[in-house]
Structures are given as C-alpha cells and as structure tokens.
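The lines below spell out each chain.
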Amino acid sequence: MGIVSPGFTGRRRSGTELPPGQYLTREFPVLSAGPTPHVLPEHWEFTVTSETGEKYKWDWAALMALPAEEITKDIHCVTRWSKLETTWKGVSLDTLLADVETGADYAMAHSYGGYTTNVPMDDLLDGQSWIAYEYDGEPLDPEHGGPARLLVPHLYFWKSAKWVRGLVLSDTEDLGFWETAGYHEYGDPWKEQRYAGD
Amino acid sequence: MERTAIRRRLTWQVGTVTDVRRETETARTIVLEVPDWPGHLAGQHLDVRLTAPDGYRASRSYSIASAWSGSDSSTIELTVEQVPDGEVSPYLVDVINVGDPLEIRGPVGGWFVWKPEQDGPVQLIGGGSGVVPLRAMLRSHASAGSTTPFRLLYSVRRPESVIYVSDLKELASSDDVDVRLVYTRDAPAGEPRVGRIDADVISQYAFKPEDGATTYVCGPTPFVETVADLLVAAGHDPARVRTERFGPTGDSR
Numbered sequence: 001m002g003i004v005s006p007g008f009t010g011r012r013r014s015g016t017e018l019p020p021g022q023y024l025t026r027e028f029p030v031l032s033a034g035p036t037p038h039v040l041p042e043h044w045e046f047t048v049t050s051e052t053g054e055k056y057k058w059d060w061a062a063l064m065a066l067p068a069e070e071i072t073k074d075i076h077c078v079t080r081w082s083k084l085e086t087t088w089k090g091v092s093l094d095t096l097l098a099d100v101e102t103g104a105d106y107a108m109a110h111s112y113g114g115y116t117t118n119v120p121m122d123d124l125l126d127g128q129s130w131i132a133y134e135y136d137g138e139p140l141d142p143e144h145g146g147p148a149r150l151l152v153p154h155l156y157f158w159k160s161a162k163w164v165r166g167l168v169l170s171d172t173e174d175l176g177f178w179e180t181a182g183y184h185e186y187g188d189p190w191k192e193q194r195y196a197g198d
Numbered sequence: 001m002e003r004t005a006i007r008r009r010l011t012w013q014v015g016t017v018t019d020v021r022r023e024t025e026t027a028r029t030i031v032l033e034v035p036d037w038p039g040h041l042a043g044q045h046l047d048v049r050l051t052a053p054d055g056y057r058a059s060r061s062y063s064i065a066s067a068w069s070g071s072d073s074s075t076i077e078l079t080v081e082q083v084p085d086g087e088v089s090p091y092l093v094d095v096i097n098v099g100d101p102l103e104i105r106g107p108v109g110g111w112f113v114w115k116p117e118q119d120g121p122v123q124l125i126g127g128g129s130g131v132v133p134l135r136a137m138l139r140s141h142a143s144a145g146s147t148t149p150f151r152l153l154y155s156v157r158r159p160e161s162v163i164y165v166s167d168l169k170e171l172a173s174s175d176d177v178d179v180r181l182v183y184t185r186d187a188p189a190g191e192p193r194v195g196r197i198d199a200d201v202i203s204q205y206a207f208k209p210e211d212g213a214t215t216y217v218c219g220p221t222p223f224v225e226t227v228a229d230l231l232v233a234a235g236h237d238p239a240r241v242r243t244e245r246f247g248p249t250g251d252s253r
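Keeping their order, the protein sequence lines are chains A and B.
full-length UniProt numbering numbers the first residue of the first sequence as 1 and each following residue consecutively.
full-length UniProt numbering numbers the first residue of the second sequence as 1 and each following residue consecutively.
A few of these clues could be false.
As the list claims (entries may be wrong) - Have a look at the derived ranges for each label pair, beta carbon to beta carbon: (1) R158/B x V4/A: 54 to 60 Å; (2) R26/A x R180/B: 41 to 47 Å; (3) K55/A x R22/B: 29 to 35 Å; (4) E85/A x G55/B: 41 to 47 Å; (5) N97/B x R26/A: 32 to 38 Å; (6) G2/A x V194/B: 55 to 61 Å; (7) T72/A x V95/B: 35 to 41 Å; (8) P20/A x D175/B: 47 to 53 Å; (9) T9/A x R180/B: 51 to 57 Å; (10) H43/A x P53/B: 54 to 60 Å; (11) P90/B x A61/A: 38 to 44 Å; (12) R26/A x R196/B: 24 to 30 Å; (13) G7/A x P84/B: 18 to 24 Å.
Worth flagging that the hints you see were computed from the coordinates, not collected in a lab.
In this text, all values refer to a predicted model and were calculated from it rather than measured experimentally.
Don't be surprised by glycine CBs; every beta carbon is placed ideally from N, CA and C.
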C-alpha cells in the first residue's frame, strides 16, 4: 500500500507521542468559518435545552458563581497541529448539567455567529468537558472563542465550539457545521477520524 | 448558516506530477494528473501525504488552485508557499519533479466554496498565498462563462510576491472581473499607496453591504481577523463573510 515520495526524508520527532498525523506547535492557530463575533460578557447567555424542550439558562454572573476548575490538557486540531499542556479555567459540564433532567444521548452545541457541532452526551460528562473562559491565566480572547467556549479536549478541537451559547439535547444524532461539510461525526484524534468515513 | 451535504468516504489516491511552475521565489504550482479524481468545488482543499523510504509519513492540507472543468478532467493544480521551517512545503516547492508520484485525498470542505449557480456578486479578499482558493473561484467563474460580478482585492508585500501574475492579467480583462492589488511594503512605479488593507480600501474597492455580495477572505490569521472585522464594521452581514485562516495568530497564546 502507498508509495514512497522520491527525495522525501521528513523530520522525525522523539519524546512526545502525538495522535497520528499531527505535528507539534507552540503557537495557537485559529480555525473559524467566518468573522470573529465580539460578545461582551454582560450580553453573554448560555442555555441548555432538554429533549423535552425545557430550558435552563445561565448569564455571565451565574457562570462565575459556579465552582471553576483549572484544566491542563493537550489539544489537537484537525488541521494537524497539536498543542501540549494548554491551561484553562472553566466550569465542568457535570456541574452545569447536574440539575438538568435529561436522558438524551446527544448534544448539539450552538455558538454566537451560527456555528454548531454535535457531541455525544457520554463525551460531555464525567470530567471530560467544560465551559472555559480563561486561557493561560487570562480572559479568553474573542478569536479563540471568548468570552466562553466549549472545551472537549479529547476530541478534535472543532468540537470545542468557540463563542458557545447553548446546548440542545436530543435522543437522535444530528450533524453540526463542519460535520455536515464532510468532517467526521465523532472526531477522535487517536483514531484519526478527520473526515466522514475515516 | 447554509448547509452543504458532502459526505462520502475519502481514500488516498496517487497522482502524477505533469508540470511545475515557479510563481514567486517561495511559491510553486504543481500540476497533477489524478486518474480517478471525483471533481471538486472552487475553494475546496485536499490532503497531501509524503512517505519516506522507511515508512515515515507527513501530511498537510492545501487549497486546490484550479477549477474542475467537468467529468472528463483529471487534472488539478496546487500552489504551495514554502513555510519557513516547514516539513512538507519545502518538498513540494523545491524537491518534487515532473513524473514523480504524489499521494492525495480529497476534496474536502463545503463552506469556503463558490458554485456558479450561486446568487449574488462575489468579493474575494486574499492575503499572500491566501489567493490560491480565490484563484480557483476566478477560474471556475471563467470556465463556467459566468457573468456574476467578481472583485478580487489581493494584498501582497511587493510586486515580486504576486502569485499568478499573467493569469490575473488575463482574468482581469473580463468585463465581470475586477482585480485590485494592495502593496504592503513596496509598490511598483505609478502606484502611490503602500499599506495594508484598511477601512478606506474596503469602502473604495469592495462591494457595498447593500450589494448583497458573498465575501471570501483567505490569508494568514491576523490578516483574516483584520479584514473580517473591517467588513463587519462597514456594515457587511457576518453571515455572508466566509473565511479561511492559516498559520499562527502572531502570538503564542
């Protein structure tokens, strides 16, 4: 299978194990489909809509009042960069969803600006995801998703919806923005699930 | 946001380099013959995979520079700008030759695309090698015989940095296409303005918000951030501004 590229030697790295096909960066590149929305914290609101249509809302003050966690995780973008030990502060989805009555299997994250991405509920709970509002000890920049973004670091980073404004919970799996445009519905970097069918 | 369903399994294919063209000191266009190419939309990209003799592999994504001209066509073009300290781009810019095989898979992407049947004028704004997918849109416009008004605003450092010089001259001769270059470091004789795209340039050369144009902005991240912010500040509907960013943000956080 495959071919050899005549004259290509490549640059091997030792030490850090990255998911297949990824390279290491110290920068923090940006992948967005449109202009960066500039949402002020005082206008920010986060809504969880259950599968029965019940809505649970938090404004910025309510989010700040919840217990926050310091998070240190490696992140992997489908455009092939990985960044190690990024540090964040945010509220666990376990905390936000604790009082939400739901048996839903899927969530669609919705963002200011219209972006959407689908994530199974099993990947949002049990300490796997957060609503993050600080990066590297500073308020999250708008171009990186501030004032708050979803953080699901074990999946490709497009799942970590920037400018998040809500989750819509459902019994059925729908596809989000990049997923509809040909990207994988789940996006596990260690299985290299970049595109549909991978 | 508009949804375009393009979901099918992508497999690796081996293409053969049939031509190479030096565009600038740091950019080269590679013409590939891909026997089973399924076709693509202007603006889509593909993945390139290189394999060393010991099996080590490296992959990167590149925008497709050419339009697809129909079911009998199996030729695609990539234009690659060498990234300082890059792993894959130096091979594509300086090493690969006519007759060599190249593994690719694609096309990918259903958002940063233009289709000839799409309504409304089109504003293209490119910075540096961000012009590559925009050139595919211009080529698609020409090969479809479209009369949709197209405008390209293309920001380059200096005249020698322009990719597709002769191609852009030819495209600009169409009544429906307007090409405007912006020089950020050195301008050619007779061009008084040197500087980045700003609000004045946008208001003078881009379509107005009421023209209902779809705008495609591609370039390095700081360029795209600046231009997209200028467009929104000038009253353009953010939902009609599509962006593609590459490279670092300019800071490390």
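Verification of the supplied hints:
The given range of 54 to 60 Å is broken by R158/B and V4/A, whose C-beta atoms sit roughly 38 Å from each other. Between R26/A and R180/B the beta carbons are some 36 Å apart, a value that contradicts the proposed interval 41 to 47 Å. The supplied range of 29 to 35 Å is broken by K55/A and R22/B, whose beta-carbon atoms lie about 59 Å from each other. Take E85/A and G55/B: their Cβ atoms lie about 29 Å apart, and the range 41 to 47 Å is violated.
Between N97/B and R26/A the C-beta distance comes to about 33 Å, which sits within the given range of 32 to 38 Å. Restraint check, G2/A to V194/B: a C-beta distance of roughly 48 Å breaks the suggested window 55 to 61 Å. Remark: the range hint 35 to 41 Å for T72/A to V95/B is upheld by a beta-carbon distance near 39 Å. Here the CB-CB span from P20/A to D175/B is close to 50 Å, well matched to the stated 47 to 53 Å.
A beta carbon spacing of about 42 Å between T9/A and R180/B contradicts the range 51 to 57 Å that was offered as a hint. H43/A and P53/B have their C-beta atoms about 57 Å apart, which keeps the hinted 54 to 60 Å range intact. A beta carbon spacing of about 52 Å between P90/B and A61/A contradicts the range 38 to 44 Å that was offered as a hint. For the pair R26/A and R196/B, the beta carbons lie near 26 Å from each other, so the given range of 24 to 30 Å is met.
Distance hint check for G7/A and P84/B: the Cβ-Cβ separation is about 20 Å, which falls inside the suggested range of 18 to 24 Å.
The earlier numbered hints that this structure contradicts are 1, 2, 3, 4, 6, 9 and 11.
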